[in-house]
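Enquirer: Given next are the chains, with one letter for each unit.
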Amino acid sequence: GAVVSQHPSRVICKSGTSVKIECRSLDFQATTMFWYRQFPKQSLMLMATSNEGSKATYEQGVEKDKFLINHASLTLSTLTVTSAHPEDSSFYICSARPGTGAGYGYTFGSGTRLTVV
Amino acid sequence: QKEVEQDPGPLSVPEGAIVSLNCTYSNSAFQYFMWYRQYSRKGPELLMYTYSSGNKEDGRFTAQVDKSSKYISLFIRDSQPSDSATYLCAMSASGGSYIPTFGRGTSLIVHP
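These protein sequences, in sequence, are chains D and G.
The working numbering puts the first residue of the first sequence at 1, with every later residue one more than the last.
The working numbering puts the first residue of the second sequence at 118, with every later residue one more than the last.
Hints may contain errors.
Coverage of chain D stretches by chain G, computed from C-beta distances (three or more under 8 angstroms per stretch; other residues unrestricted) [stated by the list, open to error]: (1) 36–43; (2) 107–116.
Not close to chain D: a few residues of chain G, all C-beta gaps over 12 angstroms, as computed [to be verified]: (3) LYS119; (4) PRO131; (5) MET165; (6) ARG177; (7) GLN181; (8) LYS184; (9) LEU205; (10) GLY220; (11) VAL227.
Treat the hints as calculated values from the structure; they're not laboratory data.
Please read all numbers here as calculations on a predicted model, not as lab measurements.
Cβ coordinates follow ideal geometry from the N, Cα and C atoms, glycine included.
Just need the whole structure built from these sequences, with the hints factored in.
Expert: See below:
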């Protein structure tokens, strides 16, 4: 089945530093990947849509200069949290679809727990 | 009113029970319906994917969609402690990237 690999699974960083999270589709190509944020006991909130070879599309209220997205290849998208602050602490998850037709659900990575201290 | 409503629970049941998880929605354009299982500190795992109204069965899991009532269900038979997780419903409209809208998830606890 389709596999999305996400690294790191957990990261602790100091306030003011930047953190990069990688999302890879292992057995399929993904022209589009999605980045979500999830707070405890809350649903997934779509942050941005990552498009291979072009700029990401950000959801309303998401700071594009804080959450930098790069989709340099058909199998890799990265999310960089710049100048992280404690309020950026959250669970970040990426996802992708293994096909473009209607019959495909989204496959998710295992998530990254970011803690900013 | 949120587009997708889902009771967060927790729902606690004994091992072997039949579990019923439900979501309601307001957007009549939704045609694709999904159920995901999420264990603590992990990404969601796709359990069921259905199109339009009807039932779909996969092992101990049965998904039901009633578009006329804008209501979807996931039934788990012979529930096991390993089924303890958060179950998220998701749905999407046709066209574009079929980006799903998620419910907030229902926490299920199956105790031995």
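Enquirer: Could you run down the list of hints and mark each one as holding or not?
Expert: Here is how each hint holds up against the structure:
1. Check result for the stretch 36–43 of chain D against chain G: holds, 3 residues qualifying (beta carbon to beta carbon below 8 angstroms, three or more required).
2. With 6 residues having a Cβ less than 8 angstroms from any Cβ of chain G, the stretch 107–116 of chain D passes the three-residue criterion, so the hint holds.
3. Distance to chain D contradicts LYS119/G as a non-interface residue, since its nearest Cβ pair spans about 9 angstroms, not more than 12 angstroms.
4. The claim that PRO131/G lies off the interface holds: its Cβ sits roughly 23 angstroms from the closest Cβ of chain D, which is beyond the 12 angstroms cut-off.
5. With a minimum CB-CB distance of about 9 angstroms to chain D, MET165/G fails to clear the 12 angstroms threshold, and the non-interface call is violated.
6. Here ARG177/G stays apart from chain D, with its beta-carbon at least about 19 angstroms from theirs, past the 12 angstroms limit.
7. Distance check on GLN181/G: its Cβ is at least 17 angstroms (rounded) from any Cβ of chain D, clearing the 12 angstroms threshold; non-interface status holds.
8. Against chain D, the non-interface label of LYS184/G holds: every CB pair exceeds 12 angstroms, the least being about 16 angstroms.
9. The non-interface label for LEU205/G is inconsistent with chain D: the shortest C-beta to C-beta separation is roughly 7 angstroms, within 12 angstroms.
10. For GLY220/G, the shortest C-beta to C-beta distance to chain D comes to about 6 angstroms, within the 12 angstroms cut-off, and the non-interface label is violated.
11. Once the 12 angstroms rule is applied to beta carbons, VAL227/G is consistent with being away from chain D; the minimum gap is 19 angstroms.
Checked against the numbered hints listed earlier, the structure breaks hints 3, 5, 9 and 10; every other hint is satisfied.
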